[in-house]
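Residue numbers (the numbering used here), protein chains in the order written: chain Y, 1 to 132; chain F, 133 to 229.
Bear in mind the hints are in silico, worked out from the structure with no lab data behind them. Any given hint could turn out to be false.
Derived DSSO-like pairs: lysine-lysine, alpha-carbon spacing no greater than 27 Å straight-line [to be verified]: (1) Y:Lys74 to F:Lys165; (2) F:Lys170 to Y:Lys62; (3) F:Lys170 to Y:Lys117; (4) Y:Lys74 to F:Lys170; (5) Y:Lys117 to Y:Lys62; (6) F:Lys165 to Y:Lys62.
Now the stretches of chain Y that chain F is said to cover, found in silico as 3 or more residues with beta-carbon under 8 Å [what the hints assert, rightly or not]: (7) 28 to 42; (8) 65 to 76; (9) 80 to 87; (10) 90 to 99; (11) 102 to 115.
Sample of chain Y residues facing chain F (criterion: CB under 8 Å; computed from the structure) [as the list claims (entries may be wrong)]: (12) Pro25; (13) Asp53; (14) Leu128.
Source: prediction; values computed, not measured. Just so you know, even glycine gets a beta-carbon here, dropped at the ideal spot from N, CA and C.
So the chains spell out like this:
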Amino acid sequence: MLINLSSSGQTVSQNMIDSSNSNAPNIILNHDFSRGLYSWHPNCCDGFVLSADSGHSGFSTKPGSSYAVVSNRKECWQGLEQDITSRISPCSTYSISARVGVSGLVQYPTDVLATLKLEYQNSATSYLPVGK
Amino acid sequence: MDFGTPFIVFLILIKELKYVNNSCCHCRTSVSKEGWEKLEGTFSLATMPDRVVFYLEGPAPGVDLLIESVIITCSCPSECNVIIHLNLFLLNLTSVP
């Protein structure tokens, strides 16, 4: 695993968030949906990928890029998930940066959350809201 | 100087801190208009679960969730935890009569 060391913790954090300047690898597979929904799974709802030129108006994206749409959601917790077990380790700090939006019969403002589902063999599954 | 007692206290505190460190604040973004919003946050796990799943959720039922990209990068190890543990260790050393 590559580690971006710096005498300034602030510099490290900024580099991690901006993927274009970062040496740290992105642990998310297919992070830009260029391979459809490969490695991603809709959680009890539907999901598909749209290309930039056939997508929603009001959502500007780079030409040739794609984005995921999670639809037919019946509950707030339903969304898109990815198993990251093999790519993380304890006692390390991870930074998340995502570009998200909402569409449909929306009552603004509305929240979008990032969550970790932690499953244990001998104890109940726990849910960890990701810190900011 | 007898390091036995403060060292045991140090180990206990580390064990307790590991449980506390598994949680953080909420990571959410409030979408107030049509268009992309940036969602940012951090997390750290003190212990390794059997399975870890990252997911995005949140809007009301019936609302479509759109995701353009997700980036998660590591800065390991957590320097803050090392500093906290070291400070606690030194604090207990100074309390030895």
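Consistency of the hints with the structure:
1. Y:Lys74 to F:Lys165: Given pair Y:Lys74, F:Lys165 holds - Cα atoms ~22 Å apart, limit 27 Å.
2. F:Lys170 to Y:Lys62: Given pair F:Lys170, Y:Lys62 holds - Cα atoms ~16 Å apart, limit 27 Å.
3. F:Lys170 to Y:Lys117: holds (21 Å)
4. Y:Lys74 to F:Lys170: Answer holds: Y:Lys74 to F:Lys170 is near 24 Å, not above 27 Å.
5. Y:Lys117 to Y:Lys62: violated (31 Å)
6. F:Lys165 to Y:Lys62: Answer holds: F:Lys165 to Y:Lys62 is near 20 Å, not above 27 Å.
7. 28 to 42: It holds: at least three residues are needed, and the stretch 28 to 42 of chain Y offers 4 whose Cβ sits within less than 8 Å of chain F.
8. 65 to 76: holds (count 10)
9. 80 to 87: holds (count 6)
10. 90 to 99: Holds, because 10 residues of the stretch 90 to 99 of chain Y bring their Cβ atoms closer than 8 Å to Cβ atoms of chain F.
11. 102 to 115: Coverage by chain F holds for the stretch 102 to 115 of chain Y (14 residues, Cβ < 8 Å).
12. Pro25: holds (7 Å)
13. Asp53: Violated, about 14 Å.
14. Leu128: holds (6 Å)
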